[in-house]
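Enquirer: Below, each chain spelled out in residue letters.
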Amino acid sequence: MNHKERFRLAGVPVTHWIAVVAVITLGLVPLTLSLLRLWAVTGITPLGALLNVHEHPGAMEALKFSVLEATASMLLTVIIGLPLAWAFGRYRWKRLRLKRALLFLPFVTPPVVAAVGFLALFSPDGLVYRMGFDLRGGSGIFGWLATVTGWSNPGHFVALVLAHVWFNLSLIIRFVEPVVAQIDPTWEEQLTLLPAGQTRWGRIKHLWLPLLGPATLVAATYTFFFSFTSFAMVKWLAPSSNTLESLLAEMGGTAGIAGYRIETSLAVLGIATLQMILMLVMLILAGRFERRHSQVLSMHQEVMNRERHGPPSKPWAWYVNGTIVLLLAPLVSVVIASFRVRTASASGAAYRWTLEGWRRAWAGDFSTVPVVDALTNSLTYATMTLIVALPLGYAVASCLVTLRTRGHRRVAGLLDSLCMLPLSMSAVMVGLGMVVGILRWFPPMFSFPYLPVLPHIMLVLPFVIRLMVPAIERIDPMYAEQAALLPMTRMAFWWHSRGSFLLVPATMAASLCLAFSLGEFGATFLVVRVGSWDSLSILVDQVASRPKFDPYVFPTAMALATMLMVVTLLVLSLNEQVRTWRSRHDL
Amino acid sequence: MRGIFLIMLLLLVPLSGCLERLEVATESVECIPVEPGRTGDGTLRIITYDIAAFSEEMFATFTNQTGYDIEVIRADDAGGILETMLQTQQAPQADLAVGLDNTYLQTAIDFCLLQAHSENTTAVDSSALEPYGGPLAVPFDRGDVCLNYDESIVDGTNLTAPTSLWNLTEDAWKGKTAFPSPLTSSPGRAFMVATIDYFENDADNTTDAFDWWKAMAENDAIVTSGWTEAYEIHYSGGYGEWVEGHLGDAALTVSYCHSPGVEAYYSGNWTKSTSVTLPRSTFHQIEYAGIVNGATEVEAANAFMAYLLTEEINRNMPENNLMQSVLTNATWPEADGYRYHTDEPTLNAEITVERIGAEMETWLLNWSEATV
Chain A
92 MNHKERFRLA GVPVTHWIAV VAVITLGLVP LTLSLLRLWA VTGITPLGAL
142 LNVHEHPGAM EALKFSVLEA TASMLLTVII GLPLAWAFGR YRWKRLRLKR
192 ALLFLPFVTP PVVAAVGFLA LFSPDGLVYR MGFDLRGGSG IFGWLATVTG
242 WSNPGHFVAL VLAHVWFNLS LIIRFVEPVV AQIDPTWEEQ LTLLPAGQTR
292 WGRIKHLWLP LLGPATLVAA TYTFFFSFTS FAMVKWLAPS SNTLESLLAE
342 MGGTAGIAGY RIETSLAVLG IATLQMILML VMLILAGRFE RRHSQVLSMH
392 QEVMNRERHG PPSKPWAWYV NGTIVLLLAP LVSVVIASFR VRTASASGAA
442 YRWTLEGWRR AWAGDFSTVP VVDALTNSLT YATMTLIVAL PLGYAVASCL
492 VTLRTRGHRR VAGLLDSLCM LPLSMSAVMV GLGMVVGILR WFPPMFSFPY
542 LPVLPHIMLV LPFVIRLMVP AIERIDPMYA EQAALLPMTR MAFWWHSRGS
592 FLLVPATMAA SLCLAFSLGE FGATFLVVRV GSWDSLSILV DQVASRPKFD
642 PYVFPTAMAL ATMLMVVTLL VLSLNEQVRT WRSRHDL
Chain B
146 MRGIFLIMLL LLVPLSGCLE RLEVATESVE CIPVEPGRTG DGTLRIITYD
196 IAAFSEEMFA TFTNQTGYDI EVIRADDAGG ILETMLQTQQ APQADLAVGL
246 DNTYLQTAID FCLLQAHSEN TTAVDSSALE PYGGPLAVPF DRGDVCLNYD
296 ESIVDGTNLT APTSLWNLTE DAWKGKTAFP SPLTSSPGRA FMVATIDYFE
346 NDADNTTDAF DWWKAMAEND AIVTSGWTEA YEIHYSGGYG EWVEGHLGDA
396 ALTVSYCHSP GVEAYYSGNW TKSTSVTLPR STFHQIEYAG IVNGATEVEA
446 ANAFMAYLLT EEINRNMPEN NLMQSVLTNA TWPEADGYRY HTDEPTLNAE
496 ITVERIGAEM ETWLLNWSEA TV
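Those protein sequence lines, which keep their order, are chains A and B.
For the first sequence, the positions run 92 to 678 when the numbering used here is used.
For the second sequence, the positions run 146 to 517 when the numbering used here is used.
A couple of the hints might just be wrong.
To be verified - On the chain B side, residues computed to face chain A include the following (Cβ under 10 Å):
| hint | residue |
| --- | --- |
| 1 | I218 |
| 2 | D221 |
| 3 | I378 |
| 4 | E408 |
| 5 | Y411 |
As the list claims (entries may be wrong) - If you want the footprint, here are the derived chain A segments under chain B, 3+ residues with CB under 8 Å:
| hint | region |
| --- | --- |
| 6 | 170–183 |
| 7 | 202–215 |
| 8 | 527–539 |
| 9 | 634–642 |
In case anyone wonders, no lab produced these hints; they're calculated from the structure.
For each residue, glycine too, the CB sits at the ideal point set by N, CA and C.
So that you can see chain B by itself, here it is in the shape it has in the complex (with noise of 0.2 Å):
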């Protein structure tokens, strides 16, 4: 066993200067086209999360219509999806990325790990393109990040809603807010971003949104590492109560403007959450599909992308992948309060995937310092 130790000690000797430091420059780099990682085979391999908006009759319908096989590989999250393909970036393991948002998409744009589509996105709401409409990739569904807060609680009496985002660092709030970690949820990197644009423009110029953090931080913010542990262990008003370890010390967290809506669909129309759009607090997130740099199955690629938009699929994206369709006039079911729960945001936050590129890592460090 001294032995072990003694290589484990030789291992961490530090030598520096024999490693070369591995970088790599994302900057006004020409992306090139990258050589097929494999063979075409009919098949047409998906790299996306657990998405639940697949079925098997869906891709049942797919191979029928096409004759294409398909093959999924699941990763963990949209995270998940990019740290994959930046990996195999010189040997792509799949044709298609479907679950990349709007928070992640420049990322792999600058990576280079996506190459032009040729769908026609005429059927698209024009909203749905304006954080990107460029050939790089097509939106599927979409969602408005936002808080939501449990209206036994915050009733007026014992708490009130909060109609400026500082109200929540007062210590009314202490201890009963969680939020989903912007390092690790997709949703809580949504919402850090929706707050960099609401301080930005709050009537205050000498604080920005980590100062908020911040203070969040010392009002005994409760930070999770998923939307699941916030919303299901902590949040006292959704349908995490009835769900084993539940703790409900959260009045308040991140979700989606229409999570009230889901919770109401799922219980009969009745729901106890509703949510805040305080504006420029809420974030049209979008969650897209894109043909990777170096796919095989170029052809089959377009044609699933084509797919997920046609009006039997992507209607159905608020039942089935409790999302919003991305089609011109697409509303949500009225069944079961579904839509009657769900909030309209007054006005999303406005920074453009670019900077959201750019800047991203910068502010998951601030966050990581602000909330130590």
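Isolated chain A, as found in the complex (with noise of 0.2 Å):
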């Protein structure tokens, strides 16, 4: 055995080996033990807490209105998505990765920012209600909609729906606008000449439904998935209505204290791991949906084939640039609400103009956390979440492609699979691991500074490692050996193998990493419930939780939000920079 093969188990340095148990525990640990400690408390088994969950109140409303809701957002979002991913696909637009990146916008916001930004959309002097639409409140169609069906608040259930849309859009883009975009053209040409290819309807049945069957069904599993876990705007666009995710939120914080309030503990108990076993029925269903799609991808020159079909016609253009100034809405809502307070009085409301919000939300107040606190907690746990979970990530990935590549692919399946865990955890579980699994157990972790950052690793560690397996699977391994014959340190070896081929996919996960990690809500409105670790996203949600007899709470909410949004942009611009850059200099 030779000194380079010493500290290597199975081809895998014992490093990578110390990253995967490292990324098994940090997602087996909380939720083990939080589950352990629900069943201390309450002497009642997972098993039998699930069983017993219909007796809590409102836990069967929160699934019936999770799955409606969730079913509604999917089916919307690929009405409207699939005619925009196929027409984005096939044509040659001006501009496209400027208009790629606006499409992919919305799913990168943070979602406190979308949903106070949706909020602002649909208030007395946000644009829909100006329309004539009362999404918010019971008048108009949306009042005469609920006398006529005894449905009550359809308008909510509208917003929340649409608000979903707006963020799932991308999906739809992300899976489909490939399949389309590289399609061999001529199988569109010889399926014309045949008899089932002369009507439109012939194509989509003999084409286009089995290309893009698979690709739909993906995204669309996954926004049912991301719908139904959806927890800043259900809080704030559905506030009478409960899903899963956030009845467990909103009693998350009690559970878990050993002689106090055992009931809410039961309750957690059963909603988490019926939480948990749907989430998982979910993710098996997107993978094998995914690995169909994967099986009828073509490969083909995408510049080509827009040159093929050349630009688009007027209504498809009309449709494309539509549906983006529309998802630019929320957004700009956002900002415009952070200038303007309403003035009541006898004689009704009005609305002015004003810089007060963004004095306010500047100068803080002391019943939050002033504003440049919860933006520094922000970026450090931001910078943390990508300092460690980018390497940890990477060291998973390089990990289980060495393992396939020996022939372990069993051993490598397995350690994927317990990788993947917190995938199945929604952000609220993940606060739940902390709050009851951490927190409830070892109380000197309150001390901790950067709790915050632990779920966030959790959370955003599976797509690291997503993206970086088939990056390193496509290193052609003759870089490796030629690098072997030349004489380098082991750094610049791993360097001219594999880490400069890494950049790309690198940039994407710490993009991924740093604004997943800015834009957390879900975990750390849990955490924070029973300590400071305030976030900016946090901030934003506290602000806007206040009584509003003070009218200007709305606008300083708006301005703290506009902040989040436009730190959260600044980060990723750089770092496409950065990507640009290096792809353009190393590469």
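Once you've looked at the hints, go ahead and assemble the two chains, each given alone in its own frame, into the complex.
Expert: Structure below.
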């Protein structure tokens, strides 16, 4: 055994094995400890709690509402998104990169910013309200609908579904557009010569449906998944209803305390178990669809395809460009609302322009953390998430690829599944793992200043690994063989055989880490209930939640949301600049 | 992915007997002083919720006067303060808890979470010391939780102001009331306590508060998680009608007897909201400051409690914290109708903090069952 082999196990460096163990531990321990804690406090097993979940007030209503809103969000996302992705992938568009970036913008927008953005859009001073649609109140067509059907607050439901569609449209683009853009154009041409391809419906049935179906199913499943576990949007846009996720968030802070509110601990145990099982089923389905999707991918030059189909027709141009403008509306609304304040009197309410919201947001008032502290916390958590998650994710991905290439496929599969465990938990459940699993068992952790970094790392790691694995697999082993012949240090060897090829996926993973951590809301929401780890996302929520006797509360919250949005976009653009610069100079 | 499923199934397998149930004995337990959770560094750590009474100037003045710096640990609400204290009982993170009210205080006392203070409470009005006047906490602000209604709807023609809580179970009020849940809201909890006293002292001995709550649920009463949702979104008589997301489907909700005064104060002496002050349907809510058992900076905590009770801080509670001062001869401000629109309860619910502490868990369970 040579020196190089001595520190390896199955060809994987020991340090990478340590990373794998760390990632699995991080994913398993908080969840297991929280289940054990709830079990210990209630004296009832997770299975027992699951079987009694229907007895808890609101649990079944929350399940019903979660399924309904997620199904509606999924269907509407597909209806709006599929033609959008098809047209966007097929034609030659001016400023394609900019348009693609704008279409993906909602997905990286912090959920709390999106939520208050929609709130501003639907408010009496907002664009949608001015157009005659009172989604948040009970007047107009939605009031009529409520009276006729007996359905309480239909406007809330519609507002929530629209916000979910806004958030998830990029998923359809992400999965469907590449298929359309890279499809072999001769298939369509050949089909038109056949009897089955003479009509538009025939071409849809025999070409587009089989081709786009799997990709659409993957995107639809993930849309359902994200809508089912959405929290900030439900909290702000459908305040009269609960999803399983928002119910958990509401009760989670009280759970797991011995001798105190045991019925709440029991409800949390049952609901968390139910939520976890449902999420696992969704992920298994998404995984199956994803495998079918990868089988139908046809690689063809995208640029040539777009040239072949030429520029879009006017209706398609209007549809795509119009959608992009609509996608920007909630974000613009946040900025505008930060400068608007209401003045109320017996004669009604009026709105005027003001800078007071910004002044108050910056000055703070001691009932919440100062904005500078919240911003510092957010940036610190994001940086730490990046510093820890990126190398850990790389090490795990490298380990998995090595195991597969050396024939240990079953071991690699099992480790992969274990590392993906946090995917089966929603953000609120991860927060619950921290509060009930970590803090309740180890109270000294209350004084750990970087506690929110743990859930952020947990939640982002599976995505980093998923980005890194295919990137490492694509690297030709020839580079390592050639570099091994040259006299160079270990670091230089690693760089020339692997590191330099991973710059693009690593920068994408870094963007993901930063955007995710800056915008993370669900897990931190639960953690800050019991301590001072306030991030900018939490501060927006806290200020917006205050009693609004004082008319400046809303513009102050909007000013904070604008700050969070700007910081997120700045960090992401900076990262994108670095990626572009490195791609240009190194590759 | 199948691997994950197997692991999760294993986690869910009922291995009864593997875990001993964690239980805490709270009755007849003599409290033992807890060792300080950290070493003293001249910084007073206060655990509180997003209380509006604190300001930069206030903290700066305290630091100048005493030399102690202040660090604030913010929990979500009064319940969050109690829960954090319960969890950090053996390793206390804070020196002073500010914001526990008289529906939570006894639980904190029963769990030995507080230690005796040395603050002189002679400046405090005796009525503020009635619910609890012991050595473990001092009151710093108060207000009466009561029902508020919209005078433009409850005008004697469309709807009539209730003269009994049973009136609210009548058809005319169907779907027109909103209540913050006592499970998750302090005012909601306070009002639930008031209803218990109200129905224990009414003429009818065959029904209790939970029969009323059941009837209210059957009359489509709206239950919200917090006060904000009930008042801002559902209540038609408050500032909510100018707020994003307002529904205005409830003509009556739970708030404070001085909420109409606050409405007027912020709207140029105008409001259409007023309060219901039926005897025993109101609850005198008092918020307390108490030194944490195991606090490091005990002297600083005592100093801050004294500071909270000074004239300059406590007299300004109505403007700064929208609550009443606990000092003797405290009055509501005259400006913009604050005092004019504030109602005084005729007779507040009379339930001791000891009874609240002992029975709250049962009441919450009964309430949950009644309102399902």
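Enquirer: Hint compliance check: list the failing hint numbers for this structure, sorted ascending.
Expert: Result: hint 6 breaks, nothing else.
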